[in-house]
Amino acid sequence: RVPGRWLLKLERLDHLSAFEEEDWENLEEVAVEIEGQDLGGLRAALEHWSTRPGRNRFRLALPAVARGKQEQELRDRIMALRSAGWRRWEISNLSGWSLLGMAPGAPSSGLDVAANWPLYVLNRESALLLKELGVTRITLSPEDGQDNLRALLARLDLPAALPVYQDTPLFLAASCLHRLARLPCPGSSRCAPEQRVLRSGANEEILVLSHRCRTVALSQKPFSLAGKLKTVFSWPTAPLLRADFLYRPYSPEKVREIWRALRAGQPVPGTYPGGFLRGL
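As numbered in the numbering used here, residues 2 to 281 make up the sequence shown, in order.
There may be inaccurate statements among the hints.
Stated by the list, open to error - Only pairs whose alpha carbons sit at most 25 Å apart, straight line, appear in this in silico DSS-like list of lysine-lysine: (1) Lys229 <-> Lys255; (2) Lys255 <-> Lys231; (3) Lys255 <-> Lys222.
Note that these hints are calculated values from the structure, not bench results. Since we're looking at a predicted model, the values are computed, not measured.
Generate the whole structure from the sequences, applying the supplied hints.
Here is the structure:
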């Protein structure tokens with residue numbers, strides 16, 4: 002088993018339904034996106050699952066993009082969850098503080114705010130800036146190479162998470178794929194996932210899908226450092242390890258299968274290591 006402290010990020014908490022006792026070992030935190038289901042269902046799921054590892058092991062994640070009506074709905078949802086006592090949050094852009102009702106660098110009002118990887122940390126200066134703005138943890142970029150990651154970790158003075166599995170968006174758009182494809186919009190409550198495969202100029206297949214009235218482009222293969230984590234733990238300073246299960250329609254059983262492979266140090270078929278191998 003790969004040693005270390007593990008983090009898990011999910012689109013829905015019912016992805017945990019296939020977990021068994023062994024899958025909770027060394028799991029330090031579960032982050033869940035606050036969109037994707039009705040507010041009552043989300044609050045019930047949070048109360049249900051937080052009874053196991055404890056309420057302080059759960060973090061609520063804001064989306065990277067929200068526009069117009071989405072933003073107001075998001076603010077209302079945040080207010081309701083904050084009123085219910087949830088104080089651990091993750092932001093993916095600088096507007097996250099405003100959505101949480103805070104100013105960057107101002108007193109946190111008891112909130113613990115972590116930065117997701119779209120708030121790029123590719124050098125120590127960017128990490129220091131985020132710390133000054135009030136974040137308690139950064140997330141390293143899945144686009145970074147191992148030489149820079151190793152050097153950066155040795156110079157950081159706040160916790161850092163390294164994504165080791167995720168479907169990294171190639172781009173996110175606030176417009177729905179139905180609209181971009183000039184298809185009639187059925188309404189968000191009746192919207193069936195739309196998915197298309199495009200081919201790039203380099204003859205690579207790109208998966209484009211609708212996701213909560215937004216458009217997301219993904220590589221056909223998920224990003225994964227499975228099978229390369231022994232390298233990470235040979236570094237003088239080891240990061241927290243994070244696995245994300247977002248965008249694709251993962252089943253709880255598939256989440257468990259990949260989670261176990263990652264923690265066992267086994268390769269996950271059909272994945273690629275991003276820019277991590279730079280520097281070899």
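For each hint, the structure was consulted:
1. Distance check on the hinted pair: Lys229 and Lys255 sit about 21 Å apart at the alpha-carbon level, within 25 Å; holds.
2. The straight-line distance between the Cα atoms of Lys255 and Lys231 is roughly 24 Å, inside the 25 Å bound, and the hint therefore holds.
3. Note on Lys255 and Lys222: the hinted pairing holds, with a Cα-Cα distance of about 15 Å set against a maximum of 25 Å.
The structure fails none of the hints (numbered hints given earlier).
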